[in-house]
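Using the hints provided, position chains B and C relative to the given structure of chain A.
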Amino acid sequence: MAKYALRLFALVYLLFLLALPVGLIVWRTFGDGIGPVIESLSSPEAVHAFKITIVVALWAVAINTVFGVGMAILLARRRFPGKRLLNALVDLPLAVSPVVVGLALILVYGRYAPVGGWLEGHGIQIIFSMPGMIMATVFVSLPLVVRAVEPVLVEMGEEQEQAAHTLGASASQTFRRITIPGIRAALAYGVVLCLARALGEYGAIAVVSGRLVGQTQTLTLFVDERFQNFEEQDAFAAATALALIAITTLLLTKLLRPKDGD
Amino acid sequence: MAIEVRNVTKTFGVTPVLRDVSIDVASGSLTALLGPSGGGKSTLLRVIAGLEVPDSGTVTINGIDATRLAPQRRNVGFVFQHYAAFKHMTVHDNVAFGLKIRKRPKTEIRKRVAELLELVHIEQFADRYPAQLSGGQRQRMALARALAVEPQVLLLDEPFGALDAQVRKELRAWLRRLHDEVHVTTVFVTHDQEEAIEVADEIVVLADGIVEQAGSPQEIYDNPDSPFVMRFLGPVTEIDGRLVRPHDIELSDTPLPDGATATVTRIVRLGFEVRVEMSLDGRHTWAQITRGAAERLNLAPGDTVHVRPTADARLIPAGAS
Amino acid sequence: MLAGNRGTGLGLGVSMIFLSVIVFIPLAAVVWRSGSDGPGTFWRAVRTPDAWAALELTVGASLIVALINLVMGTVIAWVLVRDTFPGRSVVDVLIDLPFALPTIVAGLVLLSLYGPTTPLGIDIAYSRIAVVVALLFVTLPFVVRTVQPVLLELDRDMEQAAASLGAGPLVTFRRIILPNLLPAMLSGTALAFTRAIAEFGATVLISGNLPFQTQVASVYIFGQIETDNPTGAAAVATVLLIVALVVVVILDLIQRWGARHG
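Chain order of the listed sequences is A, B and C. Counting in my numbering, the first sequence runs from -17 upward without gaps. Counting in my numbering, the second sequence runs from 27 upward without gaps. Counting in my numbering, the third sequence runs from 5 upward without gaps.
With the rest of the complex left out, here is chain A:
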């Protein structure tokens, strides 16, 4: 009896918190058919928002993949003083509020800030421009690739790499032929997580981009701005598009999740 009560309790909670809200939006979006949805999503602002979102996300994923793998190797394979500290600090971005991320970047790279001012003098604008948006996105998604790859590197052990060394392979040959194939699945998983996070970032981007419509407006900012301007159809359409992307990435990560015990 308790079993059914518990099940009911859990499912009702999830229904009202998760299923109904998401279901309603999809319902409301397609309430008048698919035509208005396509129209909303093909407006020049929407298309531009798509583009900006994708460009920023791809840059952030590329940067985090390169540095993420590097840091994972450092943490999994090497000993050095302060390793525990670095380990804890890699997780830091997860604890910081997105708005604080934006504030932090403005304080250093904004036009009137020390580094930002200097860069501005040399024609490089960070805040209210693409570089700033990419930096903010890199910040919030930083730990994802590292944490996906590191445990797999630890589990894989160094012996295969050492064997390659004794057979004459240089460090880069070993990396390319042995290490990367070994972490392929975990890396894909981390990259998908990173991409999902990058596509969905709102708070930090809201601060750092200046929210200039048609210039620095990502899809999430588009949803916000359209809604504030009472253009509900547009906002819902974009929101549903983002929700569908989210569900797709969820399914992808389920497929890619590193299985235990190989």
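In case anyone wonders, no lab produced these hints; they're calculated from the structure. Any given hint could turn out to be false.
[Said to hold, decoys possible] Restraint-style ranges between C-beta atoms, simulated for each label pair:
hint, chain 1, residue 1, chain 2, residue 2, range
1, C, Val253, B, Pro42, 29 to 39 Å
2, A, Lys236, C, Glu157, 13 to 23 Å
3, C, Asp54, A, Tyr94, 56 to 66 Å
4, A, Gly139, C, Gln259, 18 to 28 Å
5, A, Leu(-3), C, Thr88, 32 to 42 Å
6, A, Gly139, C, Glu157, 17 to 27 Å
7, C, Thr88, A, Pro18, 40 to 50 Å
8, B, His147, C, Ala165, 44 to 54 Å
9, C, Val253, A, Ile20, 42 to 52 Å
10, B, Arg136, A, Ile20, 54 to 64 Å
11, A, Glu27, B, Thr116, 47 to 57 Å
12, C, Val253, A, Lys236, 49 to 59 Å
13, B, Lys132, A, Gly5, 51 to 61 Å
14, B, Ala199, C, Thr88, 20 to 30 Å
[Stated by the list, open to error] These stretches of chain C come out as covered by chain A in the derived footprint (C-beta under 8 Å, 3 or more residues):
hint, segment
15, 33 to 45
16, 69 to 82
17, 88 to 101
18, 138 to 151
19, 219 to 233
Heads up, the beta-carbon is just placed ideally off N, CA and C, and yes, glycines get one too.
Just chains B and C, lined up with the frame of chain A:
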């Protein structure tokens, strides 16, 4: 000398693992590094391979000072206890790896890999993945892989440690035969004295980071330098404060000159040999005698028996080593 | 594990530069800025009525949300692991939806269902309850995902031994299962708390951001940035960072305690 290790010291954290170790490995020989777990044998092997850098001392391989040389440059083959198979490559590609790195022509690689797979008798698995092979087959693949690049020296780290007893015995004999065919200077690490005695030309006994003794299996077994080596290499028992091999003990029902008197406590028949357990001056001792000798003596628990080491027995004072 | 090798030095250096440029220096700038207008500016900024109200609301709501998650998260994890029903694997996948969904979309979705246009007759928009609901949505996966693996790994033999000794299900739960789950439950709750105090996007739409009533700390910070008061923004941001730091330290201690009794 193919390998000369001089005064190597290595400490991990605060634990000294190798303490002023010096050994010589003759060219073309099959040497065993024998000792209890944690004694430093694997570390020494890895120092020779270049997988560890010693804190002090030198390693010379075929006349060249290799102490600071990276593993890639030493031309040393290494076989790991847990095979370190490249899981994502087929058996063929595993064995071909070293040759591919050296950019050998494809035809040469194919030929050499086929030769090696035949040599180790796993040619039928060329296109399989390591996960599809048994432990013994994987280890043979690892050996073929190491041999592919014609190393000057072959190092094996407890190569049969992860295998069943039966497979271990088979591979032991096979390794010896392989060495007789291929003649590469080989060093292998083991904690199993039976394995070392059966396979090696030369044994180096390493315990607690120090070389206890080095020599042929015969020498070390017959003339151990210390109680430790004697105990480690074979069965020992104590008579009169001295260590002696149980099969070097003479038993008689009549008193023996220079002999002692003991009371039989138990008799165990182990196939061809018989183990006679005795109480001598309150201490437990045992002797190993042939079935024939046992039948002639006709002993039973409680009987009095006279005990003496044989004339050519090796005796060592049992004091702490 | 290789120690003190050329590659380590280079890798460490590059990683540190990367992390400093993106994470450490900007965060340090926030902390520095919060006190840079002279002594006492930090406390003055934090103690302004609306800032203080925002902090109180944020911490209070997050605590409530953390406690609700402690219970509901464990219940859901239990049902997912110990119960079987059609659609269980679908539910399992959907638990991660709040991780993948952009926060602004989450806010929009909740506003649709529980706001002025509610089809269910439940309108809680622009109230403190709305803040709690929004935070519950985004923190849903945390406790569930930390408790689930522990439950899966739990040795059923212990429960069977307890049963053979006469313990009923409730007693077994209290004395055998709960003690083993507690570290995971607590660490998941701590994670949920840090996430809740940082939340921005989900609360922005449904709470109405009424100062003193429904304005959370991150929205306050956003407002201060927009109205060009970086010191005020930095001060409240620093408080959030400190609270997060304290919780992370407590989390670490819990995990070590859990590991000792593991």
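- prompt: Which numbered hints does this structure break?
  reply: Of the numbered hints, 3, 5, 12 and 14 do not hold.
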